[in-house]
Structure formats: structure tokens, C-alpha cells
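**Q** Please arrange chain B on chain R, whose structure you already have, making use of the hints.
Chains as they are written, first to last, in the working numbering: chain R, 1 to 121; chain B, 1 to 121.
These aren't lab readings, by the way, just hints derived from the structure by calculation. Positions of the beta carbon are idealized from the N, C-alpha and C atoms, including for glycine. There's no promise every hint is true.
Claimed, not checked - Derived coverage of chain B by chain R (criterion: at least 3 residues anywhere in the stretch with Cβ under 8 Å from a Cβ of chain R; other residues may be distant):
| hint | stretch |
| --- | --- |
| 1 | 20 to 27 |
| 2 | 42 to 50 |
| 3 | 85 to 99 |
| 4 | 104 to 112 |
Unchecked claim - Far from chain R, by Cβ distances over 10 Å, these chain B residues were calculated:
| hint | residue |
| --- | --- |
| 5 | 17 |
| 6 | 38 |
| 7 | 39 |
| 8 | 66 |
| 9 | 82 |
| 10 | 119 |
| 11 | 120 |
| 12 | 121 |
Number of protein chains: 2
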Amino acid sequence: MLDPQNLLAAFDRVTDYWSPKVIGAVNGQLLKVAKLKGEFVWHAHDGEDELFYIARGRLRIEFEDRSVDLAEGDFLTVPSGVRHNPVAEEECWVLLIEPASTKHTGEEQTPLTRSIEEQMK
Amino acid sequence: MLDPQNLLAAFDRVTDYWSPKVIGAVNGQLLKVAKLKGEFVWHAHDGEDELFYIARGRLRIEFEDRSVDLAEGDFLTVPSGVRHNPVAEEECWVLLIEPASTKHTGEEQTPLTRSIEEQMK
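So here's chain R without its partners, still in its complex pose (with noise of 0.2 Å):
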């Protein structure tokens, strides 16, 4: 349980892009890594912010009247109930802050729809 992990290593991980895995939490958020390449899809988490770390790359989150570019070191909070759709021109690696009971395409059923017992393994 006090064994620390390094961030950039915990991307070892991941096989797959939009496909996160949970590497930590502290007080009920789950902290998750995703690689992210070309477009996700719209979404909104109700009742939940998710925050997003870019850990290497660039991301474009685009919401419905603008859109935020984040580069390397970058963090945002989206508010619950925002919808957004992330985009990565190139491969980006992102932390992802969130409550374990967030499913990361909102309530949008996709091919890319992952389940939490996924995302744990």
C-alpha cells in the first residue's frame, strides 16, 4: 500500500488508446493513465469533474461553445455535467482524476466504452 509509483512508468501499462488504468486513489478518486490518439467522443459526466494532467503531448478538450489547448505539465478541471470531447492530434499520455464511479464516455455506449473492471486490470 506504501509502495510509491512513478508516473511516466505507469504508462507501461497501457496497450491501447482511450483505454485507462487505475494506478492510484486517495479519498474516493481513482487516478487513471490513457493514452490518447485522434478523437474521442462527446460526453459529460454528470454530478463529477474529471481532471486531466497532460503527462507528455498535447490535447485539444473540446467543449461546446470553445475549445482549450493543453500542452505538457498542463491540468483542467472539467466541471461535472460539461460536455466535452478530447482530442489528440498526436499520441498523448494523460493522468486522469475521477471518482471510480465515472465511466469515461459519460453515458454514451461506444466501441471505445470501457467497463471499471478494465480499467483495473
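**A** Positioned in the frame of chain R, the structure of chain B alone reads:
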């Protein structure tokens, strides 16, 4: 609200050692940055985990039965109720994730104790 921040740049707000500054939030957890140097104080946080992420430098966290060395990019969640004491031989920059209610010196009142109001400045 939807303005991205850069983690390393956020440390510009930190002027004193052991004096955390709140830089963000996600689902009731606060993200705080702090610069550490020297030894802190033995304490625990009842009912609240505390995550340490090393943004720059190295940190040793002493526990009652052992100590853990964290290098740049490493992270560790100290579970609620576990007594610990951070020690930085050289200046170390940490990101902390903990609830708004967490007192950074636990129930210990020391000259290093900072109120949440001071941490929001």
C-alpha cells in the same frame, strides 16, 4: 473556470517552505503545491488520505516502521490515520491532493501550521 494551468508554473505562487497553496480542485479534493526543505512535523490526518506527487527534487516520507524515498515523478498516497513526517534534504516541490478539510499538520499546532485561508492566497 475552464482555464488550464501549468503545474510547474503554479509553484511561482509559493514563497515559503511548508506553506501549501491551493491551485485547483476536483470533486471536493484540493490540489495544492508546496515547496519543502528540511524536516516537517510528525502528524496524521484522521479520515483523510493525502497524496504526494513529486514535481521536482526528492522527498523522504518517514513512517513509524520505515521510510519511503520518492524521486521526481513519483507519487504515494498516505492512507488516513497513518502517522508520517516528510523530510526534504534539498528543496523539493510537491503536489498534494487532499480534502479541503485536511489540516496539513494534522492535529499538531506548530509554527508551520497554515490555515486554509492562508493556503488560498
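**Q** Which numbered hints are broken by the structure, listed smallest first?
**A** Numbers 4, 8, 9, in rising order.
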